[in-house]
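Asks: What follows is each chain in one-letter form.
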Amino acid sequence: MPVQYYIFLSIALFCIGVMGVLMRRNAIIIFMCVELMLNAVNLLMVAFSKMWADAGKIDAGGAQLFVFFIMVVAAAEVAVGLAIITMVYRNTHSVDINILNRLKN
Amino acid sequence: MSTQQIIFMVLSFIALVSALGVVLSKNPVTSVLCLIVTFFTIAGHYIMLNAQFLAVVHIIVYSGAIMVLFLYVMMLMNMNADLEPQKRNWLKYAGAISGGALLVVLVAALRDASMPGLTSQATEVGLIKNLGQILFKQYVVPFEVSSILFLSAMVGAVVIGKKD
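Protein chains in written order, with this note's numbering: chain R, 120 to 224; chain B, 16 to 179.
Treat the hints with care, since some could be wrong.
Think about it this way: if two alpha-carbon atoms lie no more than 27 Å apart in a straight line, the pair counts; the simulated DSS-like pairs of lysine-lysine are [stated by the list, open to error]:
no. : chain 1 : residue 1 : chain 2 : residue 2
1   : B       : K107      : B       : K41
2   : R       : K176      : B       : K152
3   : B       : K177      : R       : K223
4   : B       : K144      : R       : K176
5   : B       : K178      : R       : K223
6   : R       : K223      : B       : K107
For each label pair, taking beta carbons as the anchor points, the in silico distance ranges come out as [said to hold, decoys possible]:
no. : chain 1 : residue 1 : chain 2 : residue 2 : range
7   : R       : H212      : B       : I62       : 41 to 47 Å
8   : B       : S162      : R       : L219      : 42 to 48 Å
9   : R       : F188      : B       : A109      : 16 to 22 Å
10  : B       : I62       : R       : M206      : 34 to 40 Å
11  : B       : E159      : R       : P121      : 36 to 42 Å
12  : R       : N220      : B       : L125      : 33 to 39 Å
13  : R       : I218      : B       : I21       : 46 to 52 Å
14  : R       : I216      : B       : T45       : 15 to 21 Å
15  : B       : I62       : R       : I216      : 33 to 39 Å
Facing chain R, a subset of chain B residues (Cβ under 10 Å, in silico) [what the hints assert, rightly or not]:
no. : residue
16  : Q20
17  : F68
18  : F85
19  : R103
20  : A172
These aren't lab readings, by the way, just hints derived from the structure by calculation. Yeah, the Cβ is synthetic: ideal placement off N, Cα and C, and Gly gets one too.
My request is simple: use the sequences and hints to build the entire structure.
Replies: Here it is, written out as structure tokens:
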């Protein structure tokens, strides 16, 4: 099976995530679409790891470790981001990102 | 068509449909549930790519921890479909068109790339023994730095979320 299949699947997932970030106004759903994009990249990295392992490279596991680090960053981002969203909701009773216009002044 | 390709097609179809469900559904709780389905299919892809340990970690961290956090925050805010204002439709169309244009550009750029095929034979790379050796031999410093990052994120979340 060609590795292109996985490349195209990750591109499609990434573009769906981009679409969600641009289309939706709900801050939590924007966060979830960011998670979707991170996962598309993770999938691509695991596919490349398998490709290098098939080619006989012994250090092909490095790509899978970067997936770990992406997961760590994603988890930290979710913790801080959801705290910020909860604080914004407590102050404005809305998670609509248009309300963040008030950060301008 | 081999068994591997059939499994790939089924998993990819479910992943794409549920990813579209995340973006298009009106109810935020439905979005979270669709995202969980997407994550499970991605874990299935990991198992097919011989990354068994990564698949288990993915299910535990994403489907277990992060999605529960999302669901919890969503239920804390008591959200429903009419919370999100539906005015300004042109913004939606603009977002969809830009995302679709990005998809077309990336597919067109990578369509003619020649890549080696993936074999169906199992490799040992994704097992925990190899990953642990790489992690604690070559990547010790990033590992420790990420633990500091985690600690600071935890402290930051508590400080931001504190009431007053």
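Asks: All hints, please: hold or fail.
Replies: Hint by hint, here is what the structure shows:
no. : hint                           : result
1   : K107/B with K41/B              : holds, 13 Å
2   : K176/R with K152/B             : holds, 17 Å
3   : K177/B with K223/R             : holds, 24 Å
4   : K144/B with K176/R             : holds, 17 Å
5   : K178/B with K223/R             : holds, 24 Å
6   : K223/R with K107/B             : holds, 23 Å
7   : H212/R with I62/B: 41 to 47 Å  : holds, 43 Å
8   : S162/B with L219/R: 42 to 48 Å : violated, 32 Å
9   : F188/R with A109/B: 16 to 22 Å : violated, 34 Å
10  : I62/B with M206/R: 34 to 40 Å  : holds, 39 Å
11  : E159/B with P121/R: 36 to 42 Å : holds, 38 Å
12  : N220/R with L125/B: 33 to 39 Å : holds, 38 Å
13  : I218/R with I21/B: 46 to 52 Å  : holds, 47 Å
14  : I216/R with T45/B: 15 to 21 Å  : holds, 20 Å
15  : I62/B with I216/R: 33 to 39 Å  : holds, 36 Å
16  : Q20                            : holds, 6 Å
17  : F68                            : holds, 8 Å
18  : F85                            : holds, 7 Å
19  : R103                           : holds, 9 Å
20  : A172                           : holds, 4 Å
When held up to the earlier numbered hints, the structure conflicts with 8 and 9 and fits the remainder.
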